[in-house]
Structure formats: structure tokens, C-alpha cells
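*Asks:* Please construct the entire structure, taking both the sequences and the accompanying hints into account.
Now for the letters of each chain:
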Amino acid sequence: MREYIRKYFALRKHNFQVAVKKAKRSKMCYAFLAPYAIIFTAFYILPVITSIFFSFTYYNILETPRFIGIDNYMSLILEDDIFLTGVKNTFMIAIITGPLGYIMSFLFAWLINELPRWLRTIAIVVFYAPSIAGNCYVIFSIFFKGDVYGHVNALLIEMGLINTPIMWFIDPKYMLPICMIVILWMSLGAGFLAFVAALQGIDRAQYEAGYVDGIKNRWQELWFITLPNMKPMLLFGAVMTITQSFGVCDVTMALCGYPSTDYAARTIVTHLFDYGFSRFEMGYASAIATVLFLVMILCNKAIQSMLRRVGT
Amino acid sequence: MSKKIKTEKAYKPKAKILKKRKPNRSRIGDLFIYFFLLCVAFIMLFPIIYAVSSALKPLDELFMFPPKILPQNPTTDNFSDLFVTMGKSWVTFTRYIWNTVFMTFVGTAGHLIIASMGAFVLAKYEFPGSQTFFKLVTTALMFSGYVTQIPSYLILNKLGWIDTYWSLIVPAFAFPMGFFLMKQYMEGLPMSLVEAAKIDGANEWRVFMTIVMPNVKPAWLTMIIYSVQNLWNQRASMYIYSEEKKTLVYALQQVQSGGVARAGQASAVTVVVMIVPIIIFILSESQILETMASSGLKD
Numbered sequence: 052m053r054e055y056i057r058k059y060f061a062l063r064k065h066n067f068q069v070a071v072k073k074a075k076r077s078k079m080c081y082a083f084l085a086p087y088a089i090i091f092t093a094f095y096i097l098p099v100i101t102s103i104f105f106s107f108t109y110y111n112i113l114e115t116p117r118f119i120g121i122d123n124y125m126s127l128i129l130e131d132d133i134f135l136t137g138v139k140n141t142f143m144i145a146i147i148t149g150p151l152g153y154i155m156s157f158l159f160a161w162l163i164n165e166l167p168r169w170l171r172t173i174a175i176v177v178f179y180a181p182s183i184a185g186n187c188y189v190i191f192s193i194f195f196k197g198d199v200y201g202h203v204n205a206l207l208i209e210m211g212l213i214n215t216p217i218m219w220f221i222d223p224k225y226m227l228p229i230c231m232i233v234i235l236w237m238s239l240g241a242g243f244l245a246f247v248a249a250l251q252g253i254d255r256a257q258y259e260a261g262y263v264d265g266i267k268n269r270w271q272e273l274w275f276i277t278l279p280n281m282k283p284m285l286l287f288g289a290v291m292t293i294t295q296s297f298g299v300c301d302v303t304m305a306l307c308g309y310p311s312t313d314y315a316a317r318t319i320v321t322h323l324f325d326y327g328f329s330r331f332e333m334g335y336a337s338a339i340a341t342v343l344f345l346v347m348i349l350c351n352k353a354i355q356s357m358l359r360r361v362g363t
Numbered sequence: 005m006s007k008k009i010k011t012e013k014a015y016k017p018k019a020k021i022l023k024k025r026k027p028n029r030s031r032i033g034d035l036f037i038y039f040f041l042l043c044v045a046f047i048m049l050f051p052i053i054y055a056v057s058s059a060l061k062p063l064d065e066l067f068m069f070p071p072k073i074l075p076q077n078p079t080t081d082n083f084s085d086l087f088v089t090m091g092k093s094w095v096t097f098t099r100y101i102w103n104t105v106f107m108t109f110v111g112t113a114g115h116l117i118i119a120s121m122g123a124f125v126l127a128k129y130e131f132p133g134s135q136t137f138f139k140l141v142t143t144a145l146m147f148s149g150y151v152t153q154i155p156s157y158l159i160l161n162k163l164g165w166i167d168t169y170w171s172l173i174v175p176a177f178a179f180p181m182g183f184f185l186m187k188q189y190m191e192g193l194p195m196s197l198v199e200a201a202k203i204d205g206a207n208e209w210r211v212f213m214t215i216v217m218p219n220v221k222p223a224w225l226t227m228i229i230y231s232v233q234n235l236w237n238q239r240a241s242m243y244i245y246s247e248e249k250k251t252l253v254y255a256l257q258q259v260q261s262g263g264v265a266r267a268g269q270a271s272a273v274t275v276v277v278m279i280v281p282i283i284i285f286i287l288s289e290s291q292i293l294e295t296m297a298s299s300g301l302k303d
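Top line first, the protein sequences correspond to chains V and G.
Positions 52 to 363 (the working numbering) are the ones given, in order, by the first sequence.
Positions 5 to 303 (the working numbering) are the ones given, in order, by the second sequence.
Don't read these hints as lab results, they were simulated from the structure.
Careful: at least some of the hints might be erroneous.
[Said to hold, decoys possible] Straight-line Cα separation of at most 25 Å, SDA-like style, residue types lysine to any residue; simulated pairs: (1) K72(V) to T136(G); (2) K78(V) to E208(G); (3) K282(V) to L166(V); (4) K75(V) to S196(G); (5) K221(G) to I284(G); (6) K72(G) to L306(V); (7) K162(G) to R117(V); (8) K128(G) to I89(V); (9) K282(V) to G192(G); (10) K221(G) to L250(V); (11) K78(V) to A201(G); (12) K73(V) to R210(G); (13) K75(V) to R210(G); (14) K202(G) to S77(V); (15) K250(G) to A305(V).
[Claimed, not checked] Just so you have them, the derived chain G footprint on chain V, three or more residues with Cβ under 8 Å: (16) 93 to 106; (17) 279 to 289.
The C-beta atom is built at its ideal place from N, Cα and C for all residues, glycine as well.
*Replies:* Structure (C-alpha cells):
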């Protein structure tokens, strides 16, 4: 046993020395990477670490942080009903809009792939525009306005389905479904572009080989040739979708108000803003951020290991 | 690139037939798909068209019953009113424009240089820690900026950058999406180019500036798009307090929350804010798609 440990450390030492030697030889590489690495560490890695650290403390910016163990997490889960509403809403939105948006991105990328070139260029702009149109989604608040001047209410009244206008963004019954529609409308983002690019990059010879080998319809072609060829893009698109769907807050804040009636449209991120930037309870807010971080990372890992099995 | 040309040449007689119709497609299915796409395209475009049309409506048409989708007498009053309102604000309107343009420009330029320098060595050289660092960047893609917003505030506070332009510009330098796309695109660059230049006596910096950068133009444009989109829509309400440093989007949103009397101007604001990223995208679409072709996440 002792022999084994000694050997293990000798190996470790040797590897380390080799690494140091290599590192010395590639000083130039480090010099090139340094500016990015420093800023990246300062604004992406360090924040995650500090947020985990502060989540175990009581910290309100004015006083020095006081260590309180896991009290923040305990009160998040056991006492904070509004947080639980936020978690429920976020998961509802993520579970419905995430997979649907992902499938939509792929479906439309796949369908427009066979259009003639000029038509495809236009189609990409049309489908991609909503996701880059800034805060164009506020237009939905005119559309679903709570009085008779809103289009949806006017239409429903004229058809005789309702007598009084529905308060779309004040009635908790309608808030989330409408937000989901808006999010779906904006869901063809970076993943969609990656899919379009991937579909065009697939070697045509593979399809021809497929015809010879007796692939009958477009579904077989999709499963046996197209999907396995674009696996890396599928992973990239999944990462983008998951990150987006758990970070929902802009749409709900703009449409349903902040805070919304009965907190019915609260998400994890809005809860985070509330405690971080309105009440300045940084410790508590850090606990929320840590929970969100863990959820996003775990979800990504799970989905990735699932997607690796596609087409095999 | 060269591989593609070869295969197309070799299959030329067949390719002509295949280009017209793939043999395993049914005509009804194709028609159905075209129809479906047309419907969806209409749904996607509708809110945008509606935004533009309501920006062109005079105020009395905005509150008409039953509401109409297209304006009856289109005017540009809303846009000119918007300029009048903004002219009356405490800080002159041009100041907001300058703030946004300055931050977008400096942030994007810095991001472009710093991130491509890092991406170049990660893509082309092997050194201890390179794999780990790239893994960290891909992990950073997996959580959105909201997670780090509060600690970032504390860090910026320590640095004394709260309420300065730097609080937005410097974090934008490290935007992981641009770095990731640039690195993946540079992987496709042949190493022989770099080596040839080195044999001819160019140092690393020269190689980077004269050989590598001109060859990855599509990736630049993509980086620029994402960075501009990110900075242009920045409200900056968390990190910047003083009115004369606020961004254009923030100022415009103040107009938007002005209630009924400003409903027309609010739609004009929406159009102004959304038009810039869309135009940039239309102009650089083909380059972006070329970059996206290498965006895959390998294990």
C-alpha cells in the first residue's frame, strides 16, 4: 500500500514538472489569454464563488457579513411562500416553453432548409427577428389590454363570448399562459441560427448514399442522417434554451408588473431582484442566486447526457 | 471548403436532378409544409408589423372601438412628438444617445480584441490549463447573467466603478458567447498558415494581427452582433444612478411608462429600439450563419 502511494505521488510530481516545463515554453499563450482570463474570472467565476460564500451569511451592505450557516436556505424553503410561488412559476415556464421552443427552433430550421436560397434568407430574418427585437414584446400589452380598446377583448366582445373585458394581466388565471405565448414567440434565438447553419453544413453525399441504401421518406432521413450529423449543434442549442428559460424575468416584469398581482407572475429571478436591489438583503439574495445557479447547471448536464444518445 | 467543391464536382450529373427535387419527397407534403411555414411566418411577423403600424397611428385611432390593426391616416407625428418630449427632458436627448453609442462601441471593440486574442491561443495551441479554461467558459454559457448580478455589483463597488461607464463596459469584454463562437470558428483555421508566417519571421503578435484576424471576419461580425445586441438593450438601472450617464433604452422606457397621453410615443419608442439590431442582423446574416456552422459543443 505504501509503495502504491509513493508511486502515485512520484507520478503526480513528474506530471506536474512536465506541465510546468510546458507552461514555461508557452509563455506567449498565457500572455495572449491573460486579459480575457482576468476579466472573465473577475466577472463570471469570482461572482459565483462570492455568491455561494454570501449565501451562508447575513449581509446588508452596511454591516459586515455575519455567518449564519444554512439559515438562508432554511427560510427560503420553509418560510418563504413567495419564493415557492416563484419556483413553481419558473419551472412551469421552463418545462413548457423550454422543450417547445427547442423543438420549434429545430422544426423551422429543418423546414426552411429546403426552400430556395433567396426565400430562405428572408425566412431566417422573419423567424429570428422577434428574439432580437429589443423590448418589442411590450406590444402584447396593447394587444391584451384590460379594457375594451384591447384587440383580444374587442374581438371576444364582438363575437359575444364575453360581456365585460377580461383583465388579462391582472387576473392571475391568465398571466402565466400569456407570458408563455410571448416567450414562445421569442424563442427562436441563437440555437435556431446554429441549427440552420448546421443543416446546410451536412455533406450532400451522405444523403445520396442514404437514397441508395433505401431511405424512404423524410422522417427516416431526419433520424438516420440529419440528426446524428448535427449533434454538437443540438447540444449548443439546448444550452442556450435552458439558460434562457430559467432566466425568465423581463417578459413577466414588463407585462404583469413588478410586483405582479398576488405575486402570480413571480419568477426566481424577480425574487432575486426584489431581495437584492430593493431590500438590499444581499445574503438572502445570494442564496436565491445559488439555487438558480445549481438548477441551471444540473439541468444542462442532465439534458446534455440525454441528447448524446440521439440517433444512436 | 475545398472538400465541398470536390464532392459537388464528382456528383455533377446526378446533382442536377437532385437539386430540383429530392427523390423521397411527396408533393403533397411539400405543399403542406409551404402553407404551414407561411402561416407561422405571419404569426411571427404580426406583432412587429403591429408595433410599426401603431407607431404610425394618430392618437385618436389608438383608442378607437373596435380597434383597427392598420392605421387609417398614417402620420409620423408620434416620432416628432418623441423628439419634442425628449428635448424637454432634464438631460439633453443627445447625451443619452452618446452614452449608449459610446458604451456599445468601446465595449464591442474591447470585447473583439481581448476575446479573439484569448480564443486564438486556445484554438491553436495546447498548453497546461487550456482545456480547463475552455470548460469554464462553456459552463459560463450555461447560467445567465442574472445569477452573477448581485456579486458583480459588490465587486464593481469594491473597484469603485459603480456609476461610471466602466461598470458596463468592462464586464462586456468577457461576454462568454462571443469568446466561445470565436474559438470554435478558429479551430477551422489551418495551422499551416500560422506556421508559414512564423518561418518567414513574423512574431506572435504579427501573426495574430496580419494572418489570423483577417481570416476570421465572419466570426468578428457575429461577435459584434451579439455584443451590440447585449449593450444596446442595456438598461443599466442597477449600476448607474446619475441621470447624465443613463442609456438611451432607459430614457426611452421612461417615455414608455408615461401612461395614456404618451401611448403613441411609446409605440414609436418600441420601433426605434428594435430597428437597430434587426438592421444589423439583416446586413450580416450570411456571415453569422457561417460562424454558427462551427458553433457545436463537442464532448
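*Asks:* If a hint holds in the structure, say so; if it does not, say that too.
*Replies:* Now the hints, each set against the structure:
no., hint, in the structure
1, K72(V) to T136(G), "holds, 18 Å"
2, K78(V) to E208(G), "holds, 11 Å"
3, K282(V) to L166(V), "holds, 23 Å"
4, K75(V) to S196(G), "holds, 24 Å"
5, K221(G) to I284(G), "holds, 15 Å"
6, K72(G) to L306(V), "holds, 22 Å"
7, K162(G) to R117(V), "holds, 19 Å"
8, K128(G) to I89(V), "holds, 20 Å"
9, K282(V) to G192(G), "holds, 18 Å"
10, K221(G) to L250(V), "holds, 22 Å"
11, K78(V) to A201(G), "holds, 19 Å"
12, K73(V) to R210(G), "holds, 23 Å"
13, K75(V) to R210(G), "holds, 21 Å"
14, K202(G) to S77(V), "holds, 15 Å"
15, K250(G) to A305(V), "holds, 19 Å"
16, 93 to 106, "holds (count 10)"
17, 279 to 289, "holds (count 6)"
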